[in-house]
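Asks: Each chain is listed here by its residues.
Protein chains: 2
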Amino acid sequence: MVSLGLACLQPAWAADVALPSWQEGPAKRAIVQFVTRVTSRGSPEFVPESERLAMFDNDGTLWAEQPVYIQMAFMFDRVKALALQHPEWRAQQLFKAVLEGDVKALAASGEKGLMELAMATHAGMTTTEFEHLVKDWLATATHPRLNRPYTECVYQPMVELLAYLRANGFKTYIVSGGGIEFMRPWTEQAYGIPPKQVIGSTIKTRFELRDGIPVLMRLPEIVFIDDKAGKPVSINKFIGRRPILAFGNSNGDLEMLQWTAAGSGPRFMGLVHHTDAEREWAYDRQSSIGRLDKALDEAQARGWTVVSMKDAWKTIFPTLGER
Amino acid sequence: MVSLGLACLQPAWAADVALPSWQEGPAKRAIVQFVTRVTSRGSPEFVPESERLAMFDNDGTLWAEQPVYIQMAFMFDRVKALALQHPEWRAQQLFKAVLEGDVKALAASGEKGLMELAMATHAGMTTTEFEHLVKDWLATATHPRLNRPYTECVYQPMVELLAYLRANGFKTYIVSGGGIEFMRPWTEQAYGIPPKQVIGSTIKTRFELRDGIPVLMRLPEIVFIDDKAGKPVSINKFIGRRPILAFGNSNGDLEMLQWTAAGSGPRFMGLVHHTDAEREWAYDRQSSIGRLDKALDEAQARGWTVVSMKDAWKTIFPTLGER
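Just so you know, the protein sequences line up as chains A and B, in that order. Just so you know, the first sequence maps onto residues 70 to 392 in the numbering used here. Just so you know, the second sequence maps onto residues 70 to 392 in the numbering used here.
Okay, chain A solo, but in the shape it has when bound:
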């Protein structure tokens, strides 16, 4: 059923072509209505293209984040790949836990342990070398439960949404807690988002001349964690202009959504709600990864768009071989 409100909006037909994996329903309707409002020339809510900035969290918003963040899977595989060069790791509880798949010991090591693993696997090489490591890993690794390459664990409806926004003059950005250089090698192909529109957590790099050739060495030191209150900070730093649309899926995205909502003029704030235990996962208030309670409450209180995966999406993942 096409609502009366929708029938009078010009590009709505275009959305049917552009968003085939979205069910007709409130989420799709809210998206199309928003895009129509800000792109209709002469409308009092028209927004010029230079201000059509759309922010997307990555893990759990654009691609799957269960059972562990995909960058963590990369990290564990790196530890295994490097173990032969590091016989001493066998005697270290943290690395031993990874090598033996001891999830309980890993969880006990907490954030500190994860950081230590991250630094051991993400630093000590040039930016170019790291880029190759990421690409090589993605070329062969597969998701343990979804049984597909990680770059095929993206959400097809969100890929369509990104393309729909760009077709309507938006610039689409990723604003993720994930590593900026972990994402940039593949986001253009997976989402159509070029490196310069990828914002994320950063580690320190140092410019060096190596046999006269300039390189950037990745150092084992976190510079910035692009999560929670860090997200509006990094949006302001990288872009210098407030977005008009933001999409997340967890409490880590709340401040980005608040920052977006606080601008003047039309705004769109969205949350992907993982409600589909059958086709993906169902988790929110109790999950250690992608916990969603505070942001869900605020979204409901303020009328932000909550996209229930189970209800709003006809398909979750791309058909293999079709991309």
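Quick caveat, the hints were computed from the structure, so don't treat them as lab data. Be a bit skeptical, because a hint or two may be false.
Pairs of lysine-lysine residues, derived as PhoX-like cross-links and limited to a Cα-Cα distance of at most 25 Å, are as follows [said to hold, decoys possible]:
no. : chain 1 : residue 1 : chain 2 : residue 2
1   : A       : 273       : B       : 379
2   : B       : 273       : A       : 297
3   : B       : 273       : A       : 265
4   : A       : 240       : B       : 383
Covered, in the sense of this in silico footprint (three residues per stretch, anywhere, with C-beta under 8 Å from a C-beta of chain A), are these stretches of chain B [claimed, not checked]:
no. : stretch
5   : 243–254
6   : 262–272
The beta-carbon is built from N, C-alpha and C at its ideal position, and this holds for glycine as well.
Starting from the known structure of chain A, arrange chain B on it as the hints suggest.
Replies: Chain B alone, transformed into the frame defined by chain A:
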């Protein structure tokens, strides 16, 4: 005289229209030849638009930097404006030096003194409040020797070069040691460079809810100095792709030029050389601001383009009232 080499290049005619303030000569020829090489379809040196990234230092490259960096003039004026609220400054040597125009005492305070002044004048307000301070100051302040608004102290030939590059599918960026939020309020109007393409030094900001309204507070803590070896680091962080063109004017730009030069395929590295004591300033190896010795030697050794202001530019500044 049009050289034979130039005559066979397609868009050369366009350059005559686009670069009217440039003398016919080696600098203009090098620019036009480079742009022609990378934009000619079917040429083995063709570069797709997504990789046509051009970096420009700001102080001394796009606008004047003598007798002091323009941001320092802003800082001194802020100290004077805030002095009434800070009677204690009268008793502090550093602030007293600013209030009394004691250049010698200021110079003696060194970089540490300047940082202290910067933090006292650039922090303690929201990002939006700071933006207004910068805009308000620029609306009324004038350059003490050039007798023109600071935003009219831009180099007309460089403004034309930026537009010429954009007309040829380049994305133009600023990569400056100056404060990122000091530049963003005015670079779009002055240079056609939008906030998201301005990279610079950053101070810490903190997301806060003020009476329920999200703001970003500017804190008195330097996060990153975007100079020297910091420039390739920030280019990699903000853009994630190596530029094919870089322009600077001092040793602080050397690493950015080296990083640009080290990529594969056609590259352009340029230096503005301040050789015009009459129309602007003449300085290089001995100057405390914008010192140019090491980078000049390397440019000459490697055949980078050195633009002698006196010889290469017909005019230096825009005609007042024409912009």
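Asks: Under the constraints set out in the numbered hints, which ones does this structure not fulfil?
Replies: Of the numbered hints given earlier, those the structure breaks are 1 and 4, listed in rising order.
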